[in-house]
Amino acid sequence: MDWSGVLDVVQRYILNVANLQGMLRLATPVILAGLCALITDRAGILNIAGEGMILFGAWFAVAGSYFFSSSFAGLFAGILTGLVIGGLFALFSLKFRANIIVMGIAINTFANAATIFLTRAVFHVAGSFSDPKLQGFGPINIPGLQSIPILGPLLSGYTFVVYLTWALVILTAVFLYRTPWGLHLRAVGENPQAAETLGINVGRIRFLAVMASGVFAALAGVYLSLAHLNGFVDLMSAGRGFIGMAVNTFGGGAPLGVFLSSLLFGFTDTIGFRLQAERIIPVYFIQMLPYLVTLAALTFFTVRRQRALKAKIATSHAGD
Amino acid sequence: MSSISIPKKSGFLTNLQRSMGGVLRRSLTIFLSVFLAIIVGSIIMLLYGQNPIMIYKLLIMGAFGSQVGFFVTIQRATPIIFTAVASALAFRTGVFNVGVEGQFFIGAIAGTYVGYAFKMPTIIHLPLSLLAGFAGGALWAFFPTLMRQKLGVSEIITTIMTNYLATYLISWLTTYPLAASAVTSETPFVQPTAVLPQFQEFTPFGKGTQASVGIFIALGVAFVMWYIFKRTKLGYEWRMVGLSSLFSEFGGINLNKTFIGGMLVSGGIAGLGGAVEILGVWRKYKNLFAVGFGFKGNLAALLGGQNIIGSTVAASLYGAMESGALGLEWNAGVPRQLIDIVVGLIIFFMAAEGMWDFLRKIKIARGEPARRTTENLEV
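Chains as they are written, first to last, in my numbering: chain A, 1 to 320; chain B, 321 to 699.
These are calculated hints, taken from the structure and not from any lab test. For every residue, glycine included, the Cβ atom is placed at its ideal position computed from N, Cα and C. Treat the hints with care, since some could be wrong.
[To be verified] List time: in silico DSS-like cross-link candidates among lysine-lysine, alpha-carbon distance up to 27 Å:
hint: 1; chain 1: B; residue 1: LYS577; chain 2: B; residue 2: LYS553
hint: 2; chain 1: A; residue 1: LYS310; chain 2: B; residue 2: LYS470
hint: 3; chain 1: A; residue 1: LYS312; chain 2: B; residue 2: LYS470
hint: 4; chain 1: B; residue 1: LYS577; chain 2: B; residue 2: LYS527
hint: 5; chain 1: B; residue 1: LYS527; chain 2: B; residue 2: LYS604
hint: 6; chain 1: B; residue 1: LYS606; chain 2: B; residue 2: LYS470
hint: 7; chain 1: B; residue 1: LYS577; chain 2: A; residue 2: LYS310
hint: 8; chain 1: B; residue 1: LYS439; chain 2: B; residue 2: LYS553
hint: 9; chain 1: B; residue 1: LYS577; chain 2: B; residue 2: LYS439
[To be verified] Simulated coverage check for chain A against chain B, where a stretch passes if three residues somewhere in it have a Cβ under 8 Å from a Cβ of chain B:
hint: 10; segment: 19-27
hint: 11; segment: 68-75
hint: 12; segment: 161-172
hint: 13; segment: 215-227
[To be verified] So the derived list for chain A, only partly shown, Cβ under 7 Å to chain B, looks like this:
hint: 14; residue: ARG120
hint: 15; residue: ALA121
hint: 16; residue: VAL122
hint: 17; residue: THR302
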């Protein structure tokens, strides 16, 4: 076998700087969607509304950017939308005791329809909206870093939202593991009754967690509409809200885990299209991979947790 | 005896009163929710610069006011009835089958394949194609069921994952192995021996619409499921497990069997719906020919109070509203998404049982701070 030929194929189609850059870009909305799933998951809430929240974030970011001619106005509009939708979601599912899954399905359906409707009502176009007045985020070249080979192009030249996302991964990790609030959040997720008896306000922590998840999801939308594309396209979230749940599961509910598993998604996305273009392997199988891996990981984690639980019960009985 | 209080009046009339009270309260909630949603919908229409009364009138006229509208209603309602009954069945047995979407697609492609790849007399071919749809949907539901039953993995996440697997699997199938030609992502047409006749093909009615006799299969399935739930031991077990799995297990119900049975039949019905949609309306599988039937079924089942009759009615109304909205878009230029907005709003208001209690509480005890308890912390 001619190994140099294999290496050549690997380098041409799979492992090269352009693909790694693509991976980091395509991973960004997935990381944010993953953080959206993470923050609610750690508070013990199954939030399937990420998909709808992303769409709302994307739409209002475009509106903000268009009407105020500033990409940062778009960003703030997106964040505000995330807070409002997250707040409504929390109000209905936590305060008004609506089933959270039902509410999630309702928000997703509502968001699909509402954003399509709003595009037609406000911008008078159907399907997609883009305009020269729309201010998107441009690439930021970091002086100094930029000229270092390989590392330079890998770390420099992304949009503001990408760097913000990286910062948010670190901040979320610090918050979860190094602050009392993070401790409270984890306690609420692991044993709400115990947390409540310790004087933690479970309801308030969960409410805030859902609002935070709204902001993360909305930021994923801001990235899609103002950094990835410059404009709004109907249903542009394309399942990323659900993928966020997958990367959170696959990443074991940890911010770094979410980051790394999102890179896996970004990578399969990037090389999928390259390999498809070269007719090496149908893109669909590559696209299936992350979901299969998530299912496998889910099985693995659950089995391990159950084993640990059984072992714990066994030892506690032995102690009697 | 003295410590236990027994209701003074008992007997048929009180029971009737009590159950009527439940139905009444439930109906009132639905009514109020729909009413609120219509109000909010009207505000949206006013902001859009349309007269809401005109729009609602056009909507109803579009769905029922003409022959074409009526047959389009039938066509749109058929698949949603299947997915709604499938969802209701799963919900009632305590499983959140969000995978109805994927099961519908897999059933559709399975039905298409058997429909075009074989040559047989109609009497065998058509039932076999439908059966393939049922089997495909059930198979697709099998894996998440197994994971939940054997490992305790939440079926919500696994069914969402299998929805995506279904989408990509079918994209591949229709682009490569089952493609009719190299340039299109669609299968060949099914054999004439496997199609479900459309009304316009054998009656003078429904010209220009794709409504097929599939509606009778849908209603038949709904009836059979209703009968099973109401009148058989199996249905009783399904209901009990949905109400309280712990209690049912103590009562001697085999949870594994019940769960797996309920989920597989739910997936199967969704798959059958997919096959009926292909054999009746499209007659070939175009890649991603229609997205969202599964989720609409989920919503219709929720609207219908998660019981079979309610879900069937809600699914039919959903179909009617879609039919009306199509006409609305064509005639008045109003986006048909308006309907999904209103449906979303209804679900919001209906699901929020606590909202109505909350409002009542505010009325009764103004200013009294709500007590915090450790109950109701599980969401």
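Compare the distance between the alpha carbons of LYS606/B and LYS470/B with 27 Å, and conclude whether the hinted pair is satisfied.
violated (36 Å)
Outcome, coverage of the segment 161-172 of chain A by chain B - at least 3 residues whose beta-carbon is closer than 8 Å to one in that chain
With 0 residues in contact (Cβ-Cβ under 8 Å with chain B), the coverage given for the segment 161-172 of chain A is violated.
LYS439/B and LYS553/B: Cα distance at most 27 Å?
violated (40 Å)
Holds or violated: LYS310/A to LYS470/B, with C-alpha atoms at most 27 Å apart:
Roughly 15 Å separates the two Cα atoms, so the pair holds.
Residue count check for the segment 19-27 of chain A against chain B: does it reach three with CB-CB under 8 Å?
violated (count 0)
Hint consistency between LYS312/A and LYS470/B [alpha-carbon to alpha-carbon, up to 27 Å]
holds (20 Å)
Holds or violated: LYS527/B and LYS604/B, Cα atoms, limit 27 Å.
holds (21 Å)
Does the CB of THR302/A sit less than 7 Å away from some CB of chain B?
holds (5 Å)
Would the pair LYS577/B and LYS439/B pass a check requiring their Cα atoms to be no farther apart than 27 Å?
Status violated; Cα separation ~37 Å.
Interface hint status, ALA121/A versus chain B (Cβ within 7 Å)
OK, holds: ALA121/A within 7 Å of chain B, min 5 Å.
Please check whether ARG120/A passes as an interface residue: C-beta within 7 Å of a C-beta belonging to chain B.
holds (5 Å)
Stated coverage of the segment 215-227 of chain A by chain B [criterion: 3+ residues, CB within 8 Å]
Violated, because only 0 residues of the segment 215-227 of chain A bring their Cβ atoms closer than 8 Å to Cβ atoms of chain B.
Figure legend: structure checked against the earlier numbered hints; hints not met, in rising order: 4, 6, 8, 9, 10, 11, 12, 13, 16.
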